[in-house]
Structure formats: structure tokens, C-alpha cells
Amino acid sequence: MRAYAIRRILLIFPTLLLVTIIVFLSVRFIPGDVIDMLISEINVENTMSYEEARDLLRGQLGLDKPIHVQYWKWLTRVVQGDLGRSMRNDRSITEDFLAKVPISIELGLWAMITGLVIALPIGIYSAIRQDTLGDYIGRTAAILMMSVPGFWIMTMVIVFPAIWWGWVPSMEYIPLTKDPLGNIIQFAIPGVIMGASFSGGLMRMMRTLMLEVLRQDYIRTAWAKGLTERLVIVRHALKNAMIPVVTIVGMGLPGLIAGAVVTEQIFNLPGMGRYLFDAINRRDYTIISAMNLIMATLVLFCNLAVDLVYAWIDPRVQYQ
Amino acid sequence: MAENTTLVAPVEKERKNPPFILEVIVRVVKEKPLGTIGGVIVLVFFLVGIFATWLAPYHYTYQDLTAILQAPSSRFLLGTDNLGRDLLSRIIYGARISMIVGLSVPAITTVMTLLIGGVSGYFGGKIDLMIQRFVDTVMCFPGLVLMLTVVAIVGPGLMQLVLVLGILGGLGGGNRVVRSVVIGIKQNVYVEAAKAIGASHPRILIKHILPNIMAIVIVSFSMGMGGAILAESTLSFLGFGIPPPFPSWGAMLSGNARRYMFDAPWMAIWPGVCLALVVYGMNMLGDGLRDVLDPRLRGGLGRYGSSKGKKKLRTVS
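Sequence lines, in order, name chains A and B.
For what it's worth, numbering that gives the first Met the number 0 labels the leading residue of the first sequence as 0, then goes sequentially.
For what it's worth, numbering that gives the first Met the number 0 labels the leading residue of the second sequence as 0, then goes sequentially.
The set of hints was computed from the structure by calculation and includes no laboratory data.
Treat the hints with caution; some may be incorrect.
Quick look at which bits of chain A chain B covers, simulated, 3 or more residues with Cβ under 8 Å [as the list claims (entries may be wrong)]: (1) 16-22; (2) 151-162; (3) 187-194.
As the structure is a computational prediction, the values presented were derived from the model and not from experiment.
Beta carbons are placed, not taken as given, at the ideal position from N, Cα and C, and that holds for glycine.
Just need the whole structure built from these sequences, with the hints factored in.
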């Protein structure tokens with residue numbers, strides 16, 4: 000286990016290195032016409048010559064030095080927690096980003112918890128009543144959850160209550176400290192819809208895992224002992240089927256926290272996804288690359304955590 | 000022995016290949032009612048897409064400025080939008096875009112998956128290690144975030160979108176499935192035999208390994224269709240997909256249209272219903288195909304199953 004943990008931790012370094020290189024290089028792929036556009040925007044009052052404006056921009060983007068020097072400078076700054084500054088308004092990206100984190104985490108947790116609450120009971124029921132009507136309904140519902148686009152449901156949730164009852168969810172962010180109840184209501188609606196989309200895949204996974212466990216010998220033994228179904232399912236089957244669920248929870252969480260671009264856009268929540276999306280819209284490339292770096296690192300470390308937790312809670316897993 | 004394999008293999012292939020797809024379809028229809036329903040839904044939308052020009056009462060850019068935001072009527076069956084365009088016509092043309100995306104994106108993804116996964120699994124060793132670190136890296140970026148970033152650099156348009164979605168899909172986790180299956184197949188005696196008679200690597204890959212992973216190719220193609228359409232509509236919804244006036248279902252729910260939905264709720268309903276229906280059909284069809292073709296993949300682990308989750312499951316059981 001210890002050897003495995005060390006090996007697994009060491010394995011993230013090459014990936015992390017590649018991530019930083021890709022993110023770093025992506026700034027250099029900005030099309031030339033965008034650079035020209037940016038130059039004209041910097042130089043909006045025509046106080047500089049074209050060359051001056053270009054040099055200023057190149058200095059801001061760090062394009063004025065040899066590439067390996069730039070990379071090293073950028074990397075050492077990033078490691079120290081300095082993600083650079085916005086190309087547009089010169090604000091510190093680290094500060095702005097930290098302000099968005101709680102919002103994204105709150106939304107991600109809502110989605111994750113809703114997903115689990117919907118998916119686990121239905122997935123388990125589907126498995127223990129395999130090929131019954133209930134199973135078919137559960138499986139169909141799971142595929143339906145995966146098929147209905149979240150942004151459409153969110154649109155409907157905004158449009159129809161407004162028409163029927165004149166009620167619209169709040170489009171201003173309500174901080175938890177100011178109005179706890181308003182904050183919870185505000186996050187519950189988008190969070191539950193996100194969670195419902197997420198629950199589709201989770202439900203199918205839970206069902207598969209449960210079916211696999213139910214075919215094991217120790218389950219037959221438990222039945223043979225004359226245990227009630229409740230005990231067989233809860234104490235013997237569920238305990239083992241739940242282990243891989245850790246994987247999904249861990250791997251799904253970064254996507255739900257960082258990838259809520261659409262949700263944050265529709266409900267006007269100032270989280271990480273929204274921050275990135277606004278940056279893409281304004282072509283603020285320093286923010287785009289910083290956010291990509293953060294999200295990739297988040298996923299990387301979540302995967303690491305999942306693998307380590309997994310090895311720790313499941314002693315049957317053997318690593319060569 | 001060696002001669003036998005060369006003699007037998009081509010004959011068998013010639014006989015097997017054409018009826019293979021047909022056989023699969025017959026089995027899906029016979030054994031998987033839900034898969035069949037899904038297939039019918041997909042077929043209907045596919046035909047609507049092909050014959051959009053004849054089916055749609057108006058062209059998708061046709062504007063009747065005297066009939067802005069009209070409720071469904073006998074003239075405009077689903078009503079009109081804020082520019083006086085017939086929603087039914089735009090939805091019918093939207094089917095064409097969705098079908099183009101739903102077929103071409105998985106096609107590109109599948110080819111790339113086969114190339115990357117095949118090479119990685121077949122050659123193994125250092126090549127495998129390097130390719131897999133790269134795949135690891137790409138998989139670190141959340142899907143939508145990566146798509147948005149790349150589309151922002153490449154620019155909007157149907158062609159660009161199809162290429163970006165297809166290539167990113169191919170670089171992602173799908174090639175792990177191909178890789179692991181290829182690793183299994185290359186240990187078979189017939190591959191050894193082909194090597195022994197001096198067959199080249201491309202020949203072994205194409206003639207001996209590819210036919211054996213056709214099931215996975217078909218399954219991953221059909222499972223990719225719904226995802227591709229969802230991704231396209233999401234990007235179009237965010238304004239980074241197919242630019243107006245092309246009637247993408249996702250774009251019909253976004254932008255300016257949103258301001259008018261409170262007065263004209265019919266604008267909000269139908270594009271979403273069509274999206275949900277067509278993706279649902281594709282997922283059901285994919286599920287049915289998978290059950291028929293590859294019992295090992297049964298159960299659907301989604302995107303988590305392609306790499307780590309699945310590897311672990313095997314070690315557990």
C-alpha cells in the first residue's frame with residue numbers, strides 16, 4: 000500500500016508538468032487578428048504608436064522573452080500562488096478566483112448531494128429487483144436524466160413559474176452571511192437540476208456494481224444462513240458495492256464544481272465557471288489559461304485522492 | 000499452421016462482413032424493444048434532417064415581420080419567434096444540423112480512438128507510456144471547459160465545431176477502452192501466427208485486430224452520438240457553437256430569444272423537447288447495441304468506466 004501510494008503520487012508529476020506546458024503554450028496560439036484587436040483596444044485613446052502598444056501587450060503576456068525563460072518565470076510565479084493579472088482590467092487573478100471558490104463549491108455540493116440522493120436508492124432498487132417493471136422504469140429514468148439537456152430544464156424553470164405565478168428565481172447573488180435562507184433557495188434550484196443530470200450515470204453505475212456484488216459467493220452464503228433480505232442487502236451487498244462509488248464521487252466533484260459554466264451563466268451566479276466564461280467572451284487570455292490550469296490541477300488531485308482512498312478502504316485491491 | 004491461418008482468415012471475413020451489421024440490427028429488433036424504439040426515433044429525426052427542404056413549410060431564414068411572436072396557429076404550427084420566423088421550419092432544419100453533428104463527430108472520434116488506442120495498446124512499452132501520459136493530461140481538463148477554450152481559439156462555425164468536438168473526444172478517455180481490448184487481442188495465437196509469417200504491423204492491425212474490435216467500435220460510435228449532440232447544443236447555447244442564422248436547437252434557446260420567452264413560451268419548449276427526444280433515442284439505441292454486441296461492457300459506466308473505474312472493477316472481482 001505504501002509503495003503504491005508513493006508510486007501513485009510520483010505519477011502525477013509528469014502529468015502536472017504536461018498540463019502546465021499545454022496551458023502555457025495555449026497563450027501562444029492566440030490568433031494574430033486577436034492580438035491586433037487587443038492592441039487597438041489597449042491603444043483606444045491613441046496615446047501610443049502601434050509598436051508601443053504591441054510591446055506593452057507582449058510584455059503583459061510575457062511574449063517578449065525566449066520561450067523557456069518565459070515558461071520558467073511563469074511557473075515559479077504560479078507555484079508561489081500568483082496566477083498573474085487580468086489582461087483587461089489588471090486585477091489580480093488569484094484574488095478574484097479565491098472570491099469565486101465558495102460559490103462554486105456550494106453549487107457543486109448541492110449537485111453532488113442531490114445526485115447521490117436520487118441515484119443510490121433507485122440504482123440499488125433496480126439491481127435487487129432486476130428485470131421487473133420497477134427496474135425498467137428506473138433504467139429508463141436514468142437514461143432520460145442523461146438525455147435531457149440541463150440548460151433546457153433551467154430555461155423552463157425560469158420561464159414557466161414566471162408566466163404562471165409571476166415568480167422568478169433571484170438573479171442577484173445572495174451571500175450566505177447576509178440572508179442564509181435566500182442563499183439556500185437560490186442555490187437549491189440550479190444545484191438540484193445539475194444533480195439530476197449527474198444522477199443518470201450514477202444510477203446506472205450503482206445498479207451495475209450492485210448486480211456484480213449480488214452474484215458473489217458471500218451473498219449466497221448470507222442467504223443460506225437465512226438472513227432477511229434487508230440484512231443481506233444492507234450489511235453484505237451494499238457495503239461492498241459502495242466502495243467504487245467513492246471513485247465516482249471523487250471524479251465527478253471537480254466537474255460539478257469547476258464545470259458549472261452553463262448553470263452559473265443561466266442563474267447568474269458569480270462562480271468559477273462564470274469567471275472563465277466571461278474571460279472567454281472578453282478574450283482575456285491570462286484568465287483563461289490560469290483557470291484552465293486550476294481546473295486541471297483540481298481534477299488531477301481529486302483523481303489522486305480517489306486512488307489513495309480507494310486503496311486504503313478496499314484491502315482486496317492488489318497493486319503489483 | 001501458418002498457411003492455414005492465411006487461407007482461412009480472408010474467406011471467413013468475406014462471408015462474415017456484410018451480414019454482420021444486418022445481423023446486429025435483427026438482434027436488436029428481436030431482443031431489445033427499448034433499443035428498437037430508440038432506433039426508430041433516431042431514424043425519424045435522420046429522415047427529417049435529410050428531407051428538411053421538402054418537409055419544412057418555410058425556409059429557416061424566412062421572416063414574416065407581420066407575424067412576430069405569434070402563438071401556434073394553423074399557419075405556424077409551433078408559432079413564430081421574435082424575428083417572425085416559423086419555429087416548426089427552424090426545428091426541422093435544426094434536425095439536419097443535429098444529425099450532421101451526431102454522425103460526423105463520433106466518426107472522427109472513433110477513427111482517432113482507433114488510431115491512438117490501437118497504436119498504444121499494440122506497440123506497448125515506451126510509446127504506450129508516452130501516449131498515455133498525454134491522454135492523462137487531456138483528461139485532466141473538464142470537458143466543457145476544454146471545448147469552450149479550444150472553440151474560443153479556433154472560432155465558431157459548423158466545420159470547426161465538428162472538428163473540435165471530434166478531435167477532443169478522440170484524445171479523451173475512449174481510446175483507453177480500445178487500448179485495453181487491443182492488449183488482450185494481441186496475445187492471441189493468430190496474431191502470433193501472423194507475426195511469424197512476416198506480416199507487417201499495419202497489416203496485423205487492420206486485418207487481424209480491427210475485425211475483432213468492430214463490436215466496440217459500433218458501440219462507442221452509437222454511444223457517442225447523443226453526447227456529441229448535447230455538446231454541440233450546449234456550446235451553441237453559450238454562443239460558441241454554430242453562429243446564427245443557422246437553426247441549431249441549442250442556439251434557439253439562447254441569446255436574444257431568451258428575452259422574449261416570457262411572452263412567447265412556445266419558443267422555449269420545442270427545441271428542448273427535440274433535443275431530449277433525439278438524445279434519448281440515441282442513448283437507448285446505444286444501450287441496446289451494447290447489450291447485443293458486447294456483454295462485457297454491459298452496465299454502462301459512463302465516462303468514468305473507460306479508464307480507472309473499470310480497471311479497478313476488474314481487480315476487485
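Right, here's what the structure says about each hint:
1. 16-22: holds (count 3)
2. 151-162: holds (count 8)
3. 187-194: violated (count 0)
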